[in-house]
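Enquirer: Just so you know, the protein sequences line up as chains A and B, in that order. Position one of the first sequence corresponds to residue 10 (the working numbering), numbered consecutively onward. Position one of the second sequence corresponds to residue 10 (the working numbering), numbered consecutively onward.
Think of the hints as simulated: they come from the structure by calculation, not from any bench. Backbone N, C-alpha and C fix where the C-beta goes; we use that ideal spot for every residue, glycine too. Please note that the accuracy of each hint is not assured.
Said to hold, decoys possible - Taking lysine-lysine pairs in the PhoX-like style, the calculated list, with each CA pair at most 20 Å apart, reads: (1) Lys-240/A to Lys-201/A; (2) Lys-201/B to Lys-197/A; (3) Lys-295/B to Lys-196/B; (4) Lys-29/A to Lys-110/A; (5) Lys-173/B to Lys-201/B; (6) Lys-240/A to Lys-197/A; (7) Lys-49/A to Lys-295/A; (8) Lys-201/A to Lys-196/B; (9) Lys-196/A to Lys-69/B; (10) Lys-110/B to Lys-49/B; (11) Lys-201/A to Lys-197/B; (12) Lys-29/B to Lys-312/B; (13) Lys-173/A to Lys-221/A; (14) Lys-196/B to Lys-196/A; (15) Lys-49/B to Lys-295/B; (16) Lys-201/B to Lys-201/A; (17) Lys-196/A to Lys-110/B; (18) Lys-29/B to Lys-49/B; (19) Lys-49/A to Lys-29/A; (20) Lys-197/B to Lys-197/A; (21) Lys-196/B to Lys-197/A; (22) Lys-29/A to Lys-295/A; (23) Lys-240/A to Lys-196/A; (24) Lys-110/A to Lys-69/A; (25) Lys-221/B to Lys-173/B; (26) Lys-166/B to Lys-196/B; (27) Lys-197/B to Lys-166/B.
To be verified - A short list of chain A residues far from chain B (calculated; beta carbon distances all over 12 Å): (28) Tyr-76; (29) Glu-102; (30) Ser-109; (31) Ile-262; (32) Gly-274; (33) Ile-309.
Said to hold, decoys possible - Restraint-style ranges between C-beta atoms, simulated for each label pair: (34) Asp-27/A to Asp-73/B: 46 to 52 Å; (35) Gly-223/A to Asn-294/B: 55 to 61 Å; (36) Met-290/B to Glu-28/A: 47 to 53 Å.
Protein chains: 2
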Amino acid sequence: MENKVPENFADRLINAIDEKHNPSVVGLDPRIEHIPEHLKSKHCRDDREAVADAFIAFNKAIIDAVYDIVPAVKPQLAFYEQYGHCGIRAFEETISYARSKGLIVIADAKRNDIGSTAEAYSAAYLGEVRNSSGSMIRSFDVDALTLNAYLGWDGVKPFVQACKEYNKGIFILAKTSNPSSGDLQDKKIDDKTVYEEMSHLIGQWGDGSEGKRGYRSIGAVVGATFPEQAKQIRNILPNSIFLVPGYGAQGAIAADIVACFNPDGYGAIINSSRGIIFAYMDDQNKNSRQFDTTARSAAIRMKEDISRALAFFSL
Amino acid sequence: MENKVPENFADRLINAIDEKHNPSVVGLDPRIEHIPEHLKSKHCRDDREAVADAFIAFNKAIIDAVYDIVPAVKPQLAFYEQYGHCGIRAFEETISYARSKGLIVIADAKRNDIGSTAEAYSAAYLGEVRNSSGSMIRSFDVDALTLNAYLGWDGVKPFVQACKEYNKGIFILAKTSNPSSGDLQDKKIDDKTVYEEMSHLIGQWGDGSEGKRGYRSIGAVVGATFPEQAKQIRNILPNSIFLVPGYGAQGAIAADIVACFNPDGYGAIINSSRGIIFAYMDDQNKNSRQFDTTARSAAIRMKEDISRALAFFSL
């Protein structure tokens, strides 16, 4: 396979974080109602293809505006899937453009299923799929994928195998950032909560996935909105990278995410979606023509906020 | 909305079961390596579009062979998603063809996310999405969707609302059919297992979704491979419809699924995928030209097996 990536995912991610001096991620979650009009006006068709074209134009401009600042982008599948095969085309063009700019792409899909079906998802996102002639090809070919492990090990195994074989990464939901995450995740199994139990499972499943930098390609999703719980999970999973949603629009601030990091300053990547890509809407002038430069400023501000918080709390 | 379905999903499903005298579902999970050669040969391109075209030809033939026998079909998203936007086009054409034949379509996607993102998934599958001109359109527009509720109520709420507004259905994972499902689901929260806890949540969330036939449009996924656990969940959720995977290729037999039903003979739909659509491969002659008639025979056999088991155990 000529396009096999030569390096453990965790090493690639940490090297990219070092290069940009920035552990933050821009979430590419386009919403048609917030896409500036001038990106839509070129397309007069009123259908799903028109939305897909607007998404592609928007995402490319955002990527152009932030690719030298952030190490990675995280497109959320739901926003593309809304528009069926047209939306998935926009997702594919977005991935491809982001990778051409040297960005690591984390697909936020929270996929999950039984073993034989999980194999199909794993092949789609991380590995290779069979063509009609029997040969194997890459389909989405992202760098990493988020997973929901309610189904247990056999639903996770195909992804862990793909991480090894293709040097990809996964982030498994431990404690999510949403207000109701406690409905199940905070319930107690003996002396542990469900999210702690899940974190221990993630630890078992990720054993041996360490790269040269000491971190694992099998990571966890840990919401920034729950810093106390993040601290507990940090203790359970010292060598795992946390993908941390909840910063910005969901209410978490830089001080909240410090618990997600290790004393070495690594171990977490912080995502912001709406707070970056639709920053122009929070701006006093709401100048949609400058949505990209406003996004760039927001991404720089986020980088500086995180950097300051990490420096302050590591004193 | 002109194409709003006029009836509660549970009523529609139970009426369809009555009409076909059959509570079974055919899983449309195409795998290119098992699609008969004569369906592929028309397409000489070696790319994802060729696979998509073969899937569409295959699914249409399967639907033609079983639509008068079964009330519903269940396409598994993973098998389509493997082929990117081309695969999703095949998924869309499959849905549309199945509905044109009067079949209920259950998309097995196990989607899950935080509230604002769950809204996007809900709009994609059950509701309406916004177009670039601001008007609302249907995108996938299936009858029901499977969900994973690890994230709790706010991730489920948009789907419950769509069930009400558009007369759609959801099936939430309780106890799944795979060997490792116990890794998390069998762990004990106080005196209840995680799958019982989840079943109680499904009960709370589905309250008020009953149709005229007494069943709810908010159902549960309960694996046929765990009949004892199914009995427990039946007690927790007396008015919920169970979507039951695991029959056939995964090893469960008709006697195993009896526990999923209520004494009234309703309350469950049983899925078989490989055992029906690729029945020709288990056949002595392995005649791939007759894959459709072999699938039809397998679907009839499954109907009869279930009917006999239900009659025998209700004696």
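Enquirer: Does each hint fit the structure? Answer for all of them.
Expert: To see whether the hints hold, each was checked on the structure:
no.: 1; hint: Lys-240/A to Lys-201/A; in the structure: 14 Å, holds
no.: 2; hint: Lys-201/B to Lys-197/A; in the structure: 11 Å, holds
no.: 3; hint: Lys-295/B to Lys-196/B; in the structure: 43 Å, violated
no.: 4; hint: Lys-29/A to Lys-110/A; in the structure: 13 Å, holds
no.: 5; hint: Lys-173/B to Lys-201/B; in the structure: 30 Å, violated
no.: 6; hint: Lys-240/A to Lys-197/A; in the structure: 17 Å, holds
no.: 7; hint: Lys-49/A to Lys-295/A; in the structure: 17 Å, holds
no.: 8; hint: Lys-201/A to Lys-196/B; in the structure: 11 Å, holds
no.: 9; hint: Lys-196/A to Lys-69/B; in the structure: 45 Å, violated
no.: 10; hint: Lys-110/B to Lys-49/B; in the structure: 24 Å, violated
no.: 11; hint: Lys-201/A to Lys-197/B; in the structure: 11 Å, holds
no.: 12; hint: Lys-29/B to Lys-312/B; in the structure: 10 Å, holds
no.: 13; hint: Lys-173/A to Lys-221/A; in the structure: 14 Å, holds
no.: 14; hint: Lys-196/B to Lys-196/A; in the structure: 11 Å, holds
no.: 15; hint: Lys-49/B to Lys-295/B; in the structure: 17 Å, holds
no.: 16; hint: Lys-201/B to Lys-201/A; in the structure: 15 Å, holds
no.: 17; hint: Lys-196/A to Lys-110/B; in the structure: 45 Å, violated
no.: 18; hint: Lys-29/B to Lys-49/B; in the structure: 32 Å, violated
no.: 19; hint: Lys-49/A to Lys-29/A; in the structure: 32 Å, violated
no.: 20; hint: Lys-197/B to Lys-197/A; in the structure: 8 Å, holds
no.: 21; hint: Lys-196/B to Lys-197/A; in the structure: 10 Å, holds
no.: 22; hint: Lys-29/A to Lys-295/A; in the structure: 28 Å, violated
no.: 23; hint: Lys-240/A to Lys-196/A; in the structure: 18 Å, holds
no.: 24; hint: Lys-110/A to Lys-69/A; in the structure: 10 Å, holds
no.: 25; hint: Lys-221/B to Lys-173/B; in the structure: 14 Å, holds
no.: 26; hint: Lys-166/B to Lys-196/B; in the structure: 25 Å, violated
no.: 27; hint: Lys-197/B to Lys-166/B; in the structure: 26 Å, violated
no.: 28; hint: Tyr-76; in the structure: 23 Å, holds
no.: 29; hint: Glu-102; in the structure: 9 Å, violated
no.: 30; hint: Ser-109; in the structure: 17 Å, holds
no.: 31; hint: Ile-262; in the structure: 18 Å, holds
no.: 32; hint: Gly-274; in the structure: 28 Å, holds
no.: 33; hint: Ile-309; in the structure: 25 Å, holds
no.: 34; hint: Asp-27/A to Asp-73/B: 46 to 52 Å; in the structure: 58 Å, violated
no.: 35; hint: Gly-223/A to Asn-294/B: 55 to 61 Å; in the structure: 57 Å, holds
no.: 36; hint: Met-290/B to Glu-28/A: 47 to 53 Å; in the structure: 51 Å, holds
When held up to the earlier numbered hints, the structure conflicts with 3, 5, 9, 10, 17, 18, 19, 22, 26, 27, 29, 34 and fits the remainder.
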